[in-house]
Amino acid sequence: MMRRTLGKLASPQLLALVGVLLINWLLFPNFFRITWQDGRFFGSLIDVLNRGAPVAILAVGMVGVIATKGVDLSVGAVMAVAGAVAATMVVAGYPAPVAVAAALLVGLLCGLWNGILVAILEIQPIIATLVLMVAGRGIAQLITEGFIVTFTDPVLIYIGTGSFFGFPMAAVIALVLMVAVTLIVRRTALGLFIEAVGVNRAAASLAGIRSRMLLLLVYSLSGLCAAIAGIIVAGDIRGADANNAGLWLELDAILAVVIGGTSLLGGRFSVPLAVVGALIIQAMNTGILVSGFPPEFNLIVKAGLIFIVLIIQSPLASRLAPPRLRPAVKGAAK
Amino acid sequence: MSIITKLALAAGLATALSTAGFAQDISGKVIGFSQIGSESGWRAAETAVTRQQAEERGVDLKFADAQQKQENQIKAIRGFIAQGVDAILVAPVVATGWDDVLAEANEAEIPVVLLDRGVDAPEDLYLTSVASDQVEEGRVAGQWLVDNVGDTDCNVVELQGTVGSTPAINRKQGFEEAIAGHDNITISQSQTGDFTRAKGKEVMEAFLKSSNGGADICAVYAHNDDMAVGAIQAIKDAGLKPGTDIKVVSIDAVPDIFTAIAAGEANATVELTPNMAGPAFDALAAYWANGTEPEKFIITESKLYTAENDPAGEYDRRKGLGY
Amino acid sequence: MPDQQYALEARGIVKIFGNHVALDKVDFGLRPGEVHALLGENGAGKSTLIKILTGAYQPDGGEVLANGAVVTLNNPQHAQTHGIGTVYQEVNLLPNRSVAENLYLGHQPTRFGFVDRRKMERDARAVLARYGLNLDPSSELGAHSVAVQQIVAIARAVELSGKVLILDEPTASLDRNEVERLFDIIRDLKASGLAVVFITHFLEQVFAIADRVTILRNGKLIDTKSLDDLTRTDVVRLMLGKDIAFSGATMLEENRPLGEVLLDFKGYGKKRSVHPFDLTIHKGEVVGVAGLLGSGRTEMARIMFGADAADEGSVSVAGKPTSITSPTDAIAHGFGFCPEDRKAEGIFGDLSVRENIVIALQGKLGWFSALTRDEQMEIAGRFGESMDIRAASLDMPIKLLSGGNQQKVILSRWLATDPAFLILDEPTRGIDVGAHAEIVRTINRLRDEGLALVVISSELDEVVAYSSRIVVMRDRELVAELNGENINPGVIVQAIANHRDGAQA
Chain A
1 MMRRTLGKLA
11 SPQLLALVGV
21 LLINWLLFPN
31 FFRITWQDGR
41 FFGSLIDVLN
51 RGAPVAILAV
61 GMVGVIATKG
71 VDLSVGAVMA
81 VAGAVAATMV
91 VAGYPAPVAV
101 AAALLVGLLC
111 GLWNGILVAI
121 LEIQPIIATL
131 VLMVAGRGIA
141 QLITEGFIVT
151 FTDPVLIYIG
161 TGSFFGFPMA
171 AVIALVLMVA
181 VTLIVRRTAL
191 GLFIEAVGVN
201 RAAASLAGIR
211 SRMLLLLVYS
221 LSGLCAAIAG
231 IIVAGDIRGA
241 DANNAGLWLE
251 LDAILAVVIG
261 GTSLLGGRFS
271 VPLAVVGALI
281 IQAMNTGILV
291 SGFPPEFNLI
301 VKAGLIFIVL
311 IIQSPLASRL
321 APPRLRPAVK
331 GAAK
Chain B
1 MSIITKLALA
11 AGLATALSTA
21 GFAQDISGKV
31 IGFSQIGSES
41 GWRAAETAVT
51 RQQAEERGVD
61 LKFADAQQKQ
71 ENQIKAIRGF
81 IAQGVDAILV
91 APVVATGWDD
101 VLAEANEAEI
111 PVVLLDRGVD
121 APEDLYLTSV
131 ASDQVEEGRV
141 AGQWLVDNVG
151 DTDCNVVELQ
161 GTVGSTPAIN
171 RKQGFEEAIA
181 GHDNITISQS
191 QTGDFTRAKG
201 KEVMEAFLKS
211 SNGGADICAV
221 YAHNDDMAVG
231 AIQAIKDAGL
241 KPGTDIKVVS
251 IDAVPDIFTA
261 IAAGEANATV
271 ELTPNMAGPA
281 FDALAAYWAN
291 GTEPEKFIIT
301 ESKLYTAEND
311 PAGEYDRRKG
321 LGY
Chain C
1 MPDQQYALEA
11 RGIVKIFGNH
21 VALDKVDFGL
31 RPGEVHALLG
41 ENGAGKSTLI
51 KILTGAYQPD
61 GGEVLANGAV
71 VTLNNPQHAQ
81 THGIGTVYQE
91 VNLLPNRSVA
101 ENLYLGHQPT
111 RFGFVDRRKM
121 ERDARAVLAR
131 YGLNLDPSSE
141 LGAHSVAVQQ
151 IVAIARAVEL
161 SGKVLILDEP
171 TASLDRNEVE
181 RLFDIIRDLK
191 ASGLAVVFIT
201 HFLEQVFAIA
211 DRVTILRNGK
221 LIDTKSLDDL
231 TRTDVVRLML
241 GKDIAFSGAT
251 MLEENRPLGE
261 VLLDFKGYGK
271 KRSVHPFDLT
281 IHKGEVVGVA
291 GLLGSGRTEM
301 ARIMFGADAA
311 DEGSVSVAGK
321 PTSITSPTDA
331 IAHGFGFCPE
341 DRKAEGIFGD
351 LSVRENIVIA
361 LQGKLGWFSA
371 LTRDEQMEIA
381 GRFGESMDIR
391 AASLDMPIKL
401 LSGGNQQKVI
411 LSRWLATDPA
421 FLILDEPTRG
431 IDVGAHAEIV
441 RTINRLRDEG
451 LALVVISSEL
461 DEVVAYSSRI
471 VVMRDRELVA
481 ELNGENINPG
491 VIVQAIANHR
501 DGAQA
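Protein chains in written order, with UniProt numbering: chain A, 1 to 334; chain B, 1 to 323; chain C, 1 to 505.
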């Protein structure tokens, strides 16, 4: 069991992550330097974990949705809504736990809404979630009345910027969420059912799987994850920025899931590898920032690197690779 | 009321003096205002200040929110013309496509004043335009740094606005003009923070790592205050004192930067005034009083604020404006 | 000169995929003016051979000769220039373009550089007439039946190629009349000197149309023979390498005492889908369902299983009235359903054989009582063995298995739930002879074990072989129930036909 788990981790995604980190190290020799400062670890590698956490959390929710052959475009907007709810409530004097609970509930309801559109009304996911992608940001602006709502609540700030045994709180939350969701989907039959619905929803229904319930569940989870990410991002800047919080992060989350090896056509999925995908993306971002490239090249460099990662993972590349490098997974499973 | 009364027209002191006298003359006038929308805090403040200015002068302001759509603005302007307003203020959402509707206003002999952005239309179709000089904003910020570092060597990290946006280009250019010739000041790193707090913080974190934990950075220049607020948090997280260990200068003068200045965590900001309407009303007053044709391009002042300018008071004055 | 007797010939063809030898020195000769059946179980190498003969694959050894000359076929278009045309099971044309355009796509007659639509449609009309099709060449191809589309595809292949026509399971989605019509066309083409390769799973069709037969097994050539010298049993024996017996019509069922009533459908139906029907099903009996395509057979199966909810009538299970409005309800009562369209509604292509077997049981157990991997392996292994599922590994994706093995997996899926009642919709369609026999054997075994089964099949011989009773569907209505001596293909056909006459009267 243990060896199989380790074997699974020796995936192209992890190799890609290591590759990106090594490139960063070549561009910036101190990249791996980690120091202890004010009761927390401090260094570029920690930044990758901390900054990658919101997209990683979105990816944890997104991977289930994509495995069912869906997509959730609304997560960025839901982040903004959840951040706005949490911030305006603490500013209005509610205790932080109440504000956080309310924000999570709102995220869950947003996800449920998407789930209802997809599972019950059978609207195509890309269109169904587009509704909230557009409307969500407007809702967030209504809640904040167009301001950046700044707050000084220590609990919210701790969620965004605190540290836990020296590690950034955001990264710890992402890790806990990843482990929890992985256990939930793999120790119960949910993972199998999600994959079955994604591969063939008609066959899943005939096999007695309640695919509607399942879709409601995965979209709700995605909404909940978006809310968590939204609270973290708000806590990080000590304010809810309805215009910019989570802007375009849905695309990063989708990319993270795809880099993590889950096909947009649904089916097989891996929560941990989606998180690795998010870390690959963030390692690129951080690498670009520390490397000193002019900002005009950011997007080109990023696109180029992503292209290379996707090429490495493509079926063509795995056919061309020498056999001993090929399926680490299969070898370890024996 | 310092931000209102201290506004000076680039046209010159004489005009400024003469317009002050006519402030009363436009009470009772009906003026339409077609605003772009409320896409940013500054935009909301501009709307709030415009309403405030109108109220002070006894102007009956007709407000129309275009929600980022030119067609809505054109509709609103036609509506104003039909209502027979005395003048129209427009903050144009795009530069092109205004010729027809401006000509209609011209025909109806209703003067039009453009706020904070220009248009590609014949100049005789509008009375004047009121806008800030973004290059000047960068220049003022740069000059502050030049004045405050003296002869010591200073590595500046720059947090740019969105790549390719006009304010990012102009504010970068102005800053570089101001520090040109001062070889002790160099921009060591420059990255985009997309005008947001979150990106400003993230980029600053990376700069700190790649600059020997921040020891090699003498100052941050942020193209807007939001990125500076983010950078200040990153500097604090790295165990340094913003404002002291690393100087912070930025542009816009939104309320939150004054909190930081008051706390000694930011050093200076350059105001992009939301009061475009004040100068516009003054120009209209002079025009109606004795037919004075105002300058075609009225430039608002790019005023520098530091800890000496009562930052706590500035915060209080601004926080209700919708930033 | 003996080479010249073949329009298309393959000599010593070898094809290797990885370390699997798909074709091992296979010879194949096709004479002008013959219909040559190519037979073999799935995986025998038929489609690999076809792909080499049409240039889709390049052989790793041996050579292909057209009219006695060695040729290298780079791709199917290149093969066309050597006179070799192919028609696949799934019509490979553009349904939203006109019939004429489909006939001439890529070769349209032009005039001054423009497509000469009038000439094209005039020519198309003449060509179609030769195939007995009198239809408007400017009409959309998709508006016509699959059979007509199939004929258009044949016409296109013959017009473009002209010497060799390869038909890869052309009859899989056609009904009896349509098959006859297709065969008439093939006979005409044969008479005009065309060489035809015919691939099918239906032995009776082979005997109806083919002159010679080539049989492959495990990538090796077993024999090429004239069909005059062979019986059906001979062919099956050659294909499988062993004897399997087809039992004839049976009347033994009458003597067997019926088990207790398991299911009782009364006035069960769904508006605009199936007329209300009465059907009582006993433990230990197989109720065969016969009827033409579109007669409501599948719709009846779906409402019995709750895949579509019935909106009238009642059902009781083991004497207790109940309601079945979803597959989940049905499964809770011990139902299972193997759908007709295996690929679209049966298999989870990307999931493993193991997961495909345990999924319904897991669905029955619910979200939280997850089977461990070891339990899954045990269950899958047990059924893999008892159903003789041929898979290199239970962890390989099911989409890599042959159709017959996929069907065995789906049957295993339901058997794993320990069902009381199984509905099998066309369980033997499009699968190889070995799997076919295995499934028939399983149906008999399950009946003997006391299960109730409803089996829908177009293969009347087959229905007759295992059914205790047969119900006949027509026009979405259950029109007859046959027992005892009436269970033979002739009577069934008559039952459908008689009623048809009666309905018209």
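For the record, the hints were derived by calculation from the structure and aren't laboratory data.
Mixed in with the good hints there might be a few duds.
Listed next, the in silico BS3-like pairs over lysine-lysine satisfying Cα-Cα at most 30 Å (straight line) [claimed, not checked]:
(1) B:Lys172 to A:Lys302
(2) C:Lys399 to C:Lys25
(3) C:Lys270 to C:Lys364
(4) C:Lys283 to C:Lys271
(5) C:Lys119 to C:Lys51
(6) A:Lys69 to C:Lys343
(7) C:Lys163 to A:Lys69
(8) A:Lys69 to C:Lys364
(9) B:Lys29 to A:Lys302
Exercise for review: Could you work out which earlier hints the structure fails to respect and list their numbers in ascending sequence?
Suggested key: 5, 7, 9
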